[in-house]
Amino acid sequence: MTDAAIPAQGAATIRRAGNRVFIAGTVLLVVWVLAPIWLLFVNALSAPSEVTGFPKSFVPSFDFASLSFFFGFAGVTKALWNSVQVAAVTMVLSIAIGAPAGYALSRFDFPGKEAFRFLVVMTRAFPLPLLALPLAVMFIRTGLDDTILGLALVHTTLALPFAVLITFSLFSGIPVELEEAAWTLGCTRPQAFFKVILPLAAPGIAASAVFAFVISWNEVFAAAVLTIQNRTLTAFLLQSLDVSPLHLKFAGGAALVLPALIFIFAVRKYLFAMWGIANR
Amino acid sequence: MAVIEIRGVAKSFGAFTALHSIDLTIADQEFMVLLGASGCGKTTLLRIVAGLETPSAGEVWIGGRRVDHLPPRDRGIAMVFQNYAVFPHLTVFENIAFGLRMKKLPQAEVDRRVTRTAELMHIGQLLKRYSGQLSGGQRQRVAVARALAMEPDVILMDEPLSNLDALLRLEMRAELKGVLAASKTTTIYVTHDQVEAMSLADRISVMNGGRIVQAADPVEVYRNPAARFVGSFIGNPPMNFLPAAPLGAGRWQVAGQSFAGPVAPAAEFAIRPEDLHPAETGLAAEVRVVEPLGPHTLITCTVAGQPFRAILESTATPRPGDVLHLAPVPDRIRWFDPETQKALT
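Protein chains in written order, with this note's numbering: chain A, 40 to 319; chain B, 48 to 392.
Some hints could be false.
To be verified - Calculated Cβ distances over 10 Å to all of chain A for the following chain B residues:
hint, residue
1, His67
2, Ser68
3, Gly105
4, Gln129
5, His136
6, Phe140
7, Lys150
8, Arg193
9, Glu198
10, Arg220
11, Pro325
12, Leu345
13, Pro354
Stated by the list, open to error - Examples of chain B residues lying across from chain A (beta carbon under 10 Å, computed):
hint, residue
14, Val50
15, Arg94
16, Arg120
17, Phe134
18, Gly146
19, Arg148
20, Met149
21, Ala194
Said to hold, decoys possible - Label pairs and their calculated CB-CB ranges:
hint, chain 1, residue 1, chain 2, residue 2, range
22, B, Gln180, A, Gln268, 52 to 58 Å
23, B, Gln180, A, Val160, 38 to 44 Å
24, A, Pro229, B, Ala229, 34 to 40 Å
25, B, Gln180, A, Val66, 39 to 45 Å
26, B, His169, A, Phe304, 42 to 48 Å
27, A, Pro150, B, Asp121, 26 to 32 Å
28, A, Arg54, B, Arg176, 42 to 48 Å
29, B, Asp121, A, Pro214, 20 to 26 Å
30, A, Met177, B, Gln180, 36 to 42 Å
31, B, Arg112, A, Val160, 46 to 52 Å
32, A, Ala241, B, Ser209, 28 to 34 Å
33, A, Gln230, B, Thr392, 52 to 58 Å
34, B, Leu340, A, Val160, 56 to 62 Å
Hints listed in this document are in silico derivations from the structure and should not be mistaken for laboratory results.
Beta carbons are placed, not taken as given, at the ideal position from N, Cα and C, and that holds for glycine.
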């Protein structure tokens, strides 16, 4: 072995060690995220008797007893329907308000633009528990308490910053020349928007809508405080499941997580775009 | 019939003045090139004519109609953008048909015009494709076809060839010239490429610092620059400039030689590199670099301490360090006022 080979070998050792750290880190992160989800689904899809057992089998026994009992449980389907309604209204409101704001931010220069962008994000800085009591009082006075619309309004304020930011980056990614070309070819500004910009932005807007849906779907605090009769699924589970057996909790958890997971997975490309790391 | 008149058009962005009161008339069916370095205001001027930018002052008239308050769609213009702006969600056919559908033309007329302009631009076989399936050159052709299909009075082009590779640019340049001449539209074409400007233009407007320095036909702009900037910007290599000392009665001493010039308090001597030839007497030039280019040889030298270039016959074989005597062609010598930078006669 020559002298020159020794540093080369040293570098290789370091590279291999670096690789091992990288792989270990990756595995750790993946397990960190996937283990709870795996536990949730294994337990939800196992027979009630198996839930407390240990060790777990990697593949669940696909016993639907817990799930079917859960869905047969009084109030679950109503809560589920409430959740869907609130999330749907949130979705529509977030896009109806958020997309025009995102378009304005990307296309126009107006005084206070930077301040506006900052304020949009600032809405997330107020802890909801702080706002809950005044909100509840105000809602009771205006008759919005315990209604789908009232809760959807609160969820819209939570989802709106994301809707604005996602659509902002979406519209910014569409060259302004496409719009200008449409104007020179006979379009008014609204026509150019609907004929050129909207078709190009539609998938991203849909993604942003789905994200608003998921935010509302997963939100529990406002839902628990502001509804009594018309509980959403999260609020319902919070209220009733702490007194239910373990296998029911897992079934409820799985029922909550699954739609959110599927939706987020479907629109992941656009959520990355929000943070500016999408390849245009 | 579409004469374009630009009257006192100015544009400022905050404290920055992009255009200082531009006056320019472009004749019907004329091919006008706005030429200048980046940031000279040429694109801003084009966008004001298009209606994509609002002038801070002044008027724009197209075909005898004042249009500066009208949106782009009411100006009878079509525009070709630097990055083509071909709609990615539409096929080539629908791209070309886009403006025609906005005009609500009958389907038969749309078909006829799309087919005709597509044939003209040699993209007839691409009509079903999407922009993502096209090369840069093909997208360029779609953009031009889309503008031509509108049968506009005026076509505005914003550096349409600058994103193409050199060979394709050469090919498209010749093709554009033919197509636009046949279409009988008035054209304003923005470029920073002087060769493109010279080869395409009926008239070139050389712009600098938000002003039109000279508007004339290409040969005039090349031979008789109205200002020092024009001489230094156009021509590759550009004009040579040398300081001149007055000898009185319209005679000037330049690098030890006496020349007849204008009667003026001060002047700067200028000559194009190709208007020099080696002679017994002339400007003493110390050769620094010799570049044989085939048809001719480019000599970079020093005259009176100033950098100086000459284009000589390729039979000339000076070596670095030699001293050449370069005699200027007398009627090609130009003079500029060092104060105002304007041409002196």
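A quick look at each hint next to the structure:
With a minimum CB-CB distance of about 23 Å to chain A, B:His67 clears the 10 Å threshold, and the non-interface call stands. For B:Ser68, the condition that its CB be more than 10 Å from all CB atoms of chain A holds, with the nearest at approximately 25 Å. The claim that B:Gly105 is not at the interface with chain A holds, since no C-beta of that chain comes within 10 Å of its own (minimum 21 Å). The claim that B:Gln129 is not at the interface with chain A is violated, since a C-beta of that chain comes within 10 Å of its own (minimum 8 Å).
For B:His136, the shortest C-beta to C-beta distance to chain A comes to about 5 Å, within the 10 Å cut-off, and the non-interface label is violated. Residue-level check passed: B:Phe140 sits 14 Å from the nearest beta carbon of chain A, beyond 10 Å. Look at B:Lys150: its CB is around 6 Å from the nearest CB on chain A, not clear of 10 Å, so calling it non-interface is violated. Not every CB of chain A lies more than 10 Å from the CB of B:Arg193, the least distance being 7 Å, so the non-interface label is violated.
At the 10 Å boundary, the C-beta of B:Glu198 stays outside the reach of chain A, the nearest C-beta of that chain being 12 Å off. Look at B:Arg220: its CB is around 22 Å from the nearest CB on chain A, clear of 10 Å, so calling it non-interface holds up. B:Pro325, annotated as away from the interface, keeps every beta carbon of chain A farther than 10 Å; the closest lies near 52 Å. No Cβ of chain A approaches the Cβ of B:Leu345 within 10 Å, the least distance being about 39 Å, so the stated non-interface status holds.
Against chain A, the non-interface label of B:Pro354 holds: every CB pair exceeds 10 Å, the least being about 40 Å. Evaluation of the B:Val50 hint against chain A yields a violated restraint, the C-beta minimum of about 20 Å exceeding 10 Å. Taking 10 Å as the C-beta cut-off, the interface hint given for B:Arg94 holds, the closest approach to chain A being about 8 Å. At a threshold of 10 Å, the smallest CB-CB gap from B:Arg120 to chain A is about 5 Å, leaving the interface hint in force.
At about 6 Å, the closest approach between the beta carbon of B:Phe134 and any beta carbon in chain A falls short of 10 Å, and the interface hint on this residue holds. Annotation: B:Gly146 was flagged as interfacial toward chain A, and the flag holds, the nearest CB pair being 4 Å apart, inside 10 Å. Nearest Cβ of chain A to the Cβ of B:Arg148: about 9 Å, under the 10 Å cut. The hint holds. Taking 10 Å as the C-beta contact cut-off toward chain A, the hint placing B:Met149 at the interface holds, the least distance being around 3 Å.
For B:Ala194, the suggested interface contact is upheld, since its CB lies about 8 Å from the closest CB of chain A, less than 10 Å. The hinted window of 52 to 58 Å between B:Gln180 and A:Gln268 holds, with their beta carbons roughly 57 Å apart. B:Gln180 and A:Val160 have their C-beta atoms about 39 Å apart, which keeps the hinted 38 to 44 Å range intact. Between A:Pro229 and B:Ala229 the C-beta distance comes to about 36 Å, which sits within the given range of 34 to 40 Å.
Taking the beta carbon of each, B:Gln180 and A:Val66 are about 41 Å apart, inside 39 to 45 Å as hinted. Between B:His169 and A:Phe304, the C-beta spacing of about 45 Å keeps the proposed range 42 to 48 Å intact. Look at A:Pro150 against B:Asp121: about 30 Å separates their beta carbons, and that is inside 26 to 32 Å. A C-beta distance of roughly 46 Å is found between A:Arg54 and B:Arg176, which places it inside the suggested range of 42 to 48 Å.
Range check, B:Asp121 to A:Pro214: about 23 Å between beta-carbon atoms, so the 20 to 26 Å window is met. Distance hint for A:Met177 and B:Gln180: a CB-CB separation of about 56 Å, inconsistent with the stated range 36 to 42 Å. The beta-carbon spacing between B:Arg112 and A:Val160, approximately 48 Å, falls within the hinted interval of 46 to 52 Å. Take A:Ala241 and B:Ser209: their Cβ atoms lie about 32 Å apart, and the range 28 to 34 Å holds.
Judged by the Cβ atoms, the range 52 to 58 Å given for A:Gln230 and B:Thr392 holds: they are separated by roughly 54 Å. Between B:Leu340 and A:Val160 the CB atoms are about 60 Å apart, so this pair conforms to the stated range of 56 to 62 Å.
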